[in-house]
Amino acid sequence: MSADSEDEFMSGMSSEGGFEDGNESDSVSFGEEFEDDEPALDFGLHDKDITSAPKKPYEVDFDVFGPRDIQKYQDKQIDEVGAILGQPPESTAILLRHARWNKERLIEGYMDHPEDVLEKAGLGLAGAVPAKTMVVDGFVCDICCEDEPGLETYAMKCGHRYCAECYRHYLSQKIREEGEAARIQCPGDGCSRIVDSKTLELLVEDDLKDRYHELLTRTYVDDKDNLKWCPAPNCIYAVECGVKKRDLNRIVPTVRCDCGHYFCFGCTLNDHLPTPCALVKMWLKKCEDDSETANWISANTKECPRCNSTIEKNGGCNHMTCRKCKNEFCWICMGVWSEHGTSWYNCNRYEEKSGSDARDAQAKSRQSLERYLHYYNRYANHEQSAKLDKDIYLKTEKKMTNLQSSSGMSWIEVQFLDTASQALQQCRQTLKWTYAFAYYLARNNLTEIFEDNQKDLEMAVENLSEMFEKPTSELAALKVDMMDKTSYCNKRRIILLSDTAENLKNGSWKFNIDINTA
Amino acid sequence: MAGSQRRIAKELAEITKDTPEGVTANLVDESDVYRWSILMEGPEDSPYAGGQFKLLLTLPVDYPFKPPALKFETKIYHPNVTNDDKGAMCLGILKSEEWKPSSKISAVLRTARSLLAEPNPDDAVETSIAEQFKNDRKEFERVAKEWVTRYASKRA
Ligand SMILES: [Zn+2]
Ligand SMILES: [Zn+2]
Ligand SMILES: [Zn+2]
Ligand SMILES: [Zn+2]
Numbered sequence: 001m002s003a004d005s006e007d008e009f010m011s012g013m014s015s016e017g018g019f020e021d022g023n024e025s026d027s028v029s030f031g032e033e034f035e036d037d038e039p040a041l042d043f044g045l046h047d048k049d050i051t052s053a054p055k056k057p058y059e060v061d062f063d064v065f066g067p068r069d070i071q072k073y074q075d076k077q078i079d080e081v082g083a084i085l086g087q088p089p090e091s092t093a094i095l096l097r098h099a100r101w102n103k104e105r106l107i108e109g110y111m112d113h114p115e116d117v118l119e120k121a122g123l124g125l126a127g128a129v130p131a132k133t134m135v136v137d138g139f140v141c142d143i144c145c146e147d148e149p150g151l152e153t154y155a156m157k158c159g160h161r162y163c164a165e166c167y168r169h170y171l172s173q174k175i176r177e178e179g180e181a182a183r184i185q186c187p188g189d190g191c192s193r194i195v196d197s198k199t200l201e202l203l204v205e206d207d208l209k210d211r212y213h214e215l216l217t218r219t220y221v222d223d224k225d226n227l228k229w230c231p232a233p234n235c236i237y238a239v240e241c242g243v244k245k246r247d248l249n250r251i252v253p254t255v256r257c258d259c260g261h262y263f264c265f266g267c268t269l270n271d272h273l274p275t276p277c278a279l280v281k282m283w284l285k286k287c288e289d290d291s292e293t294a295n296w297i298s299a300n301t302k303e304c305p306r307c308n309s310t311i312e313k314n315g316g317c318n319h320m321t322c323r324k325c326k327n328e329f330c331w332i333c334m335g336v337w338s339e340h341g342t343s344w345y346n347c348n349r350y351e352e353k354s355g356s357d358a359r360d361a362q363a364k365s366r367q368s369l370e371r372y373l374h375y376y377n378r379y380a381n382h383e384q385s386a387k388l389d390k391d392i393y394l395k396t397e398k399k400m401t402n403l404q405s406s407s408g409m410s411w412i413e414v415q416f417l418d419t420a421s422q423a424l425q426q427c428r429q430t431l432k433w434t435y436a437f438a439y440y441l442a443r444n445n446l447t448e449i450f451e452d453n454q455k456d457l458e459m460a461v462e463n464l465s466e467m468f469e470k471p472t473s474e475l476a477a478l479k480v481d482m483m484d485k486t487s488y489c490n491k492r493r494i495i496l497l498s499d500t501a502e503n504l505k506n507g508s509w510k511f512n513i514d515i516n517t518a
Numbered sequence: 001m002a003g004s005q006r007r008i009a010k011e012l013a014e015i016t017k018d019t020p021e022g023v024t025a026n027l028v029d030e031s032d033v034y035r036w037s038i039l040m041e042g043p044e045d046s047p048y049a050g051g052q053f054k055l056l057l058t059l060p061v062d063y064p065f066k067p068p069a070l071k072f073e074t075k076i077y078h079p080n081v082t083n084d085d086k087g088a089m090c091l092g093i094l095k096s097e098e099w100k101p102s103s104k105i106s107a108v109l110r111t112a113r114s115l116l117a118e119p120n121p122d123d124a125v126e127t128s129i130a131e132q133f134k135n136d137r138k139e140f141e142r143v144a145k146e147w148v149t150r151y152a153s154k155r156a
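Line order of the protein sequences matches chains A and B.
Its first residue numbered 1, the first sequence is counted upward by one per residue in UniProt numbering.
Its first residue numbered 1, the second sequence is counted upward by one per residue in UniProt numbering.
Be aware that a few hints might be false.
[Stated by the list, open to error] 25 Å max Cα-Cα, derived PhoX-like pairs, lysine-lysine:
| id | chain 1 | residue 1 | chain 2 | residue 2 |
| --- | --- | --- | --- | --- |
| 1 | A | Lys120 | B | Lys100 |
| 2 | B | Lys100 | A | Lys209 |
| 3 | B | Lys66 | A | Lys209 |
| 4 | A | Lys132 | B | Lys100 |
| 5 | A | Lys479 | A | Lys390 |
| 6 | A | Lys157 | B | Lys100 |
| 7 | B | Lys100 | A | Lys198 |
| 8 | B | Lys95 | A | Lys120 |
What the hints contain is simulated information worked out from the structure, not anything from laboratory work.
Just so it is clear, the structure is predicted and the values come from calculations on it, not from any experiment.
In isolation and in its complexed conformation, chain A is listed as follows:
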């Protein structure tokens, strides 16, 4: 993002008083707090593109980093903090890991009570002892019970001494099998001293050292709130984003990893714009718990007004008996049968109290079910269609090759198909989530605009999707048309997302549930 576009974004925010009015003053808006307390993980690898378009309301700032960048950045922080604390790098590394990389808190705490901080991080007992193994007369290893003279032994500053062989085995097991790195404790029973890097350098074999550093980088990212691993399988990149957890009801921080995967930085699920994480979580849980759908009953079943079990109407008789609780009731009015006397053939007791209560409850539950299914079917439909579109995407390449040979177009010229199918995927993904969003949306004057935008995007998507059905021979002639339809789809998506994001940011949407407790 260019500096200008960011300023614009920030000033737009501050004119509305920021996200957390009157709340913690350290958080005015996304990204800013992060940039205040530490510089971005930027090593000039990510040139800011000055010509890029101004940021859209639903876009967030983020950066993508590889393992080496993260390692370098860790080392830089260790050096900086070590210089302030007057501690060697290996101790500083332990202190920082113990403080979960919150260097301000670490420095502050250390200035007040250095011994406390050292003790808690397992670095207690001052006085440097060089890391080396030694032979001790009359030594018996408490782990393996070996007492052979000349046995190499090792202890950290805590003095818990074991034979070097046991120490090695312990460390390699922790690293290799338990994937532990930053917080391996002394093998001594009840000793919480953390194994420092000098000890590891001395005792751990080289192949394990690589694994150890890999694990340390993992823990570093895991510990930092503004860093997350890309959830794509086998992806080695981490993404940095300044959006805080408390902001997630106001923005959907969608990021794109260098591997091409779009995901939500808030919950690491696949791109779920425009729906905030909390609603996504609720929606997925609701869909998973498909009892509601399973209980979906046709017009021929009703729930027993007493025990709620489902009863099927067979034949024309309105005198129903619940198989489960033996309750007898009238199918038409849901009232207790005994109140009907002999007029069962023509229920005229529609206003009877016992019946109207049951009817209300039934109508309500049915109505809410039907409402859910309305949105669910559309949500599921787009999910399904996206899969079908994916098949098309896979066929696209084949088509492109065909097209190249039949039309004499170059590879660059047939790129429009690839662009089109990618746009289709992304728009379907967005559309899918608009239905989950709409399900939780309470009506107000903004809902209509939202629904119009949804409809427009839907039409644009279906129009583009149709183009792929055309025979390959016609595709070349349709290039301009297809490119137009693609850019129209993208435009409609941007309009929908911008509108939704603006309103979310301003707190203008009203939801039919409490999004804050989700």
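For chain A, the structure is supplied; the task is to place chain B with the ligands on it using the hints.
Just chain B with the ligands now, with coordinates in the frame of chain A:
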């Protein structure tokens, strides 16, 4: 590994010499040092008093770098012991994060017995028993005692 056998033999000798209170330990089979048969007396002043519980302690091949496993073979009504045929006891020291290669079996047995004297409902594996322990201690003790009579009486 040979080291592991040596260590186990030493621990067994120590336990036989200086037995933790209310506990006896023997190998299930003299030729297999990795399986220990434990008899544990229910602590006095606990609903388990008068009961005798049979436990199986299994040591991993990589002992003492990996923690032992402890299993109740006698049924017991206790919030920290699974109420199934596994009879697994939830003990902090048996978790790989807490276990250290220098931790000892005698400490495991002592901790296990003290958990009989004082259940830890906040770290329960049987939540309904834990709820009862917290809210209806009388009924909890009644059922626990009943189970002792039914499953853990000494002559059985
Ligand atoms: Zn040893
Ligand atoms: Zn120690
Ligand atoms: Zn990735
Ligand atoms: Zn999310």
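Hints and how they fare:
1. Of the pairs offered as hints, the one joining A:Lys120 and B:Lys100 holds, with about 19 Å between alpha carbons and a cut-off of 25 Å not exceeded.
2. Our distance criterion of 25 Å between C-alpha atoms is met by B:Lys100 and A:Lys209, whose separation comes to about 22 Å.
3. Distance check on the hinted pair: B:Lys66 and A:Lys209 sit about 22 Å apart at the alpha-carbon level, within 25 Å; holds.
4. A threshold of 25 Å between alpha carbons decides the hint, and for A:Lys132 with B:Lys100 the separation of about 22 Å falls inside it, so the pair holds.
5. Between the alpha carbons of A:Lys479 and A:Lys390 the distance comes to roughly 20 Å, so the proposed pair stays at or under 25 Å and holds.
6. Note on A:Lys157 and B:Lys100: the hinted pairing holds, with a Cα-Cα distance of about 18 Å set against a maximum of 25 Å.
7. A distance of roughly 21 Å separates the Cα atoms of B:Lys100 and A:Lys198; the hinted pair therefore holds under the 25 Å criterion.
8. Using a Cα cut-off of 25 Å, the hinted pair B:Lys95 and A:Lys120 holds, with the two alpha carbons roughly 22 Å apart.
Violation of the numbered hints given earlier is absent; every hint is satisfied by the structure.
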